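Visitor: From first to last, the protein sequence lines stand for chains S and R.
So for the first sequence, our numbering puts the first residue at 1; every next one is plus one.
So for the second sequence, our numbering puts the first residue at 1; every next one is plus one.
By construction, these hints were calculated from the structure, which means they are not laboratory data.
There may be inaccurate statements among the hints.
[Stated by the list, open to error] If you only want the chain R side, here are some residues facing chain S, beta carbon under 7 Å, derived:
{"id": "1", "residue": "68"}
{"id": "2", "residue": "147"}
{"id": "3", "residue": "168"}
[Unchecked claim] The following residues of chain R were derived to be distant from chain S, with all beta-carbon distances above 12 Å:
{"id": "4", "residue": "27"}
{"id": "5", "residue": "29"}
{"id": "6", "residue": "43"}
{"id": "7", "residue": "98"}
{"id": "8", "residue": "258"}
[To be verified] Here are some, though not all, of the chain S residues that point toward chain R, as calculated from beta-carbon distances under 10 Å:
{"id": "9", "residue": "126"}
{"id": "10", "residue": "136"}
{"id": "11", "residue": "200"}
{"id": "12", "residue": "204"}
{"id": "13", "residue": "246"}
{"id": "14", "residue": "255"}
{"id": "15", "residue": "284"}
{"id": "16", "residue": "288"}
Everything numeric in this text was worked out from a predicted model, so none of it was measured.
Cβ coordinates follow ideal geometry from the N, Cα and C atoms, glycine included.
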Amino acid sequence: MAGRRVLITGVSTHLGAQAALRLEQDPEIEHLIGVDSAPPTAPLQRMEFIEADIREPEMLSILPESRVDMVIHNNILRRPRQGMSPQAAHDINVIGTLQLLTACERAETIKAIVVRGSAGIYGAEPSAPQFFTEEMARLYASRTRFQRDVSEIEAYFENYARRRPDVICTMLRYQPAIGTVLNTQVTRYLAMPVLPTFLGFDPRLQFVHQHDGLEALVAAVKNPVRGAVNVASAGTIGLTRMVRLARKPSLPLPSGLFGSVVDVGRRVGLESLSDDFRRLLRYGRAVDLRRLTEEVGYRPRYTTTSALVEYLSMVRGELAPMHETAA
Amino acid sequence: MNSPRQTRVQDLPLTAAIAFMRRFRGALESGVELPIALSTAAAGLPRSSRAKVERAVERLGGDYEEDEWGFDEEFTEAAFPFFEFMYDRWWRTRAKGVNNVPGHGRALLVANHAGVVPWDATMIGVALLRNHPLPRYPRFLVLNWAFELPYASVLLRKVGGVPASQHNARHLLEEDQLVAVFPEGVKGAGKDYSQRYRLQRFGRGGYVELAIATGAPLVPVAVVGSEEIYPKLGENRLLARLSGAPYFPLTPLFPWLGPLGAVPLPSKWRIEFCEAIPTAHYGPDRANDQRLVLELSERVQETIQQKLYENLVERGSAFV
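Let's have the full structure, built from the sequences with the hints guiding it.
Guide: If you want it as structure tokens, here you go:
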């Protein structure tokens, strides 16, 4: 596919900008368009930036006119940004996706869509499979707002894929990310002075290192496959072990008190924890990576443990930034 | 005259403990962190306990391994003397036919089940580790409900428990693990004392489908003794609903004695591993063959039931 034309949304996010930098270097890609509501800070040269809010109907004209053959949807928020209401985040996620898909519907040239979705769709359950494979998406009822949003987004894409069988839709399901340049639920949790945990629970957690997160996206752009694909660094880590590696005191709370204590903490200026993350801290979640390695062809370079160890030592300043350890 | 007595006193464990506490406090007061203080204090201990304390300190620092299922081999090994005590002294267990369990590759152990606490699974594990020429830790499937409980969920996972589901069992077998299942499930765990050793229906034979699909041999296991440790005389629906448990047992000790009621009675145990039933020659496609599945399930159930009766007769009295 020489002379590809690619459009990427959410290009001003860290991962969006990194992906754009990588795609700029790809000689196969003739034209790269980035869309976001604020211009990216990364030194992008070839990319054409279009300032637009994906919730607005502007996309309806931008997309068909740009005559792209691939859309990368990287504008699904894991949590509301600073000063953003949960309702606005929901709008960006669900309404934004819907607008984007409507625009894709009108663009005849599109051959593939790659979405950076979330493994939050699986939820976190005590009786959950130890490794969710891609077809286990709706085993349990949605328990949090974000889980419902992700589930809705995926339903839109499934619908679209059914109506347009000629378009390949790849839904990447990301586990929570970890990395020094990132600001995610996990990194903010680890930055808390005291780590609240559920008394008597030691869930298995799984993260994706920023490097694996980026490379998996790039691999999926090169080789889009139909349907959902889990994205994470290999293996899991127990919460207790993570807390000990972080050398932080933990605050085990009985499950009945957890919510109120964490809410009080938020009021005195500590980090707030999303409903999804609270469930993760209690029951954990891990996903199966066979589809990512075998079909997309990307093998994670990190394990969850090595990603965490590297992150922690960088934060402590024991390891120079950008030093990369192989898993 | 004084000096020989002094050395004798120093050998006492109590003095060692006091010295340990003293050094520990001294170190803490001088302002070092807890793990370092612990290891400083441990320097004064006899060598054998010093190694243990040092290891514990390393674990406190997060330096331990859990596999991706949460199984912690080191923890299990540390708990092993306790399980061995239960096996040898408490239950006076005898195991037969351990060589029927394949030394490597996937296999599915199928056993009878009683009681909510999976003692039977751990004892099957001890029997294998002690008597098998190629010992390995079995993984066992536990009622999902147990994983909602604080502490229980952690402990179960650390010693090899996995929430019971087709997905998990299949994944484990595909990793060539040894997996123990209790197809009686809640029906088995919740049966009355008068019903002991009468196998309940083995579900719909899901475990056989699994064995055929993955080509794992089925090893029927009869456990005698486990069904007397918590003699269930009745149950309480209201308490079950309140605690979210599948049933709430009333035994002579539980819940009257509180947590002490969870101490299992010292019955005599017999564990027999029966001849393995190979399934690889059927091919994975026949996993949907209901007739074959039920036939095999029946065969497994009959084998276990027969061996249960044989071992009950052989064992004689339950407690002495």
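Visitor: With chain R as the partner, please determine if residue 136 of chain S meets the hint condition of a C-beta pair closer than 10 Å.
Guide: 7 Å, holds
Visitor: Just checking, residue 98 of chain R versus chain S, shortest CB gap more than 12 Å?
Guide: 27 Å, holds
Visitor: Can you verify the interface hint for residue 255 of chain S: is its Cβ closer than 10 Å to any Cβ in chain R?
Guide: With Cβ-Cβ at 7 Å, under 10 Å, it holds.
Visitor: Return the status of the interface hint for residue 246 of chain S: holds when the least beta-carbon distance to chain R is below 10 Å, violated otherwise.
Guide: Hint holds; residue 246 of chain S Cβ to chain R Cβ min 8 Å, cut 10 Å.
Visitor: Can residue 204 of chain S be said to touch chain R, with a Cβ gap under 10 Å?
Guide: 5 Å, holds
Visitor: Beyond 12 Å from chain S, beta-carbon-wise, is residue 43 of chain R?
Guide: 22 Å, holds
Visitor: Regarding the hint that residue 284 of chain S lies at the interface with chain R, is the smallest CB-CB distance below 10 Å?
Guide: 9 Å, holds
Visitor: May I ask you to check that residue 27 of chain R keeps its beta-carbon over 12 Å from the closest beta-carbon of chain S?
Guide: 18 Å, holds
Visitor: Holds or violated: is there a CB of chain R closer than 10 Å to the CB of residue 200 of chain S?
Guide: 2 Å, holds
Visitor: Would the stated hint for residue 68 of chain R survive a check requiring a Cβ distance to chain S of less than 7 Å?
Guide: This hint holds: residue 68 of chain R lies near chain S, its Cβ roughly 5 Å from the closest one there, short of 7 Å.
Visitor: Against chain S, does residue 29 of chain R keep a CB gap of more than 12 Å to every residue?
Guide: It holds; residue 29 of chain R is separated from chain S by about 20 Å at its closest Cβ, greater than 12 Å.
Visitor: Is the hint on residue 168 of chain R kept, meaning its closest Cβ partner in chain S is under 7 Å away?
Guide: For residue 168 of chain R, the interface hint holds, since the closest Cβ of chain S sits about 5 Å away, which is under 7 Å.
The structure agrees with every numbered hint stated previously.
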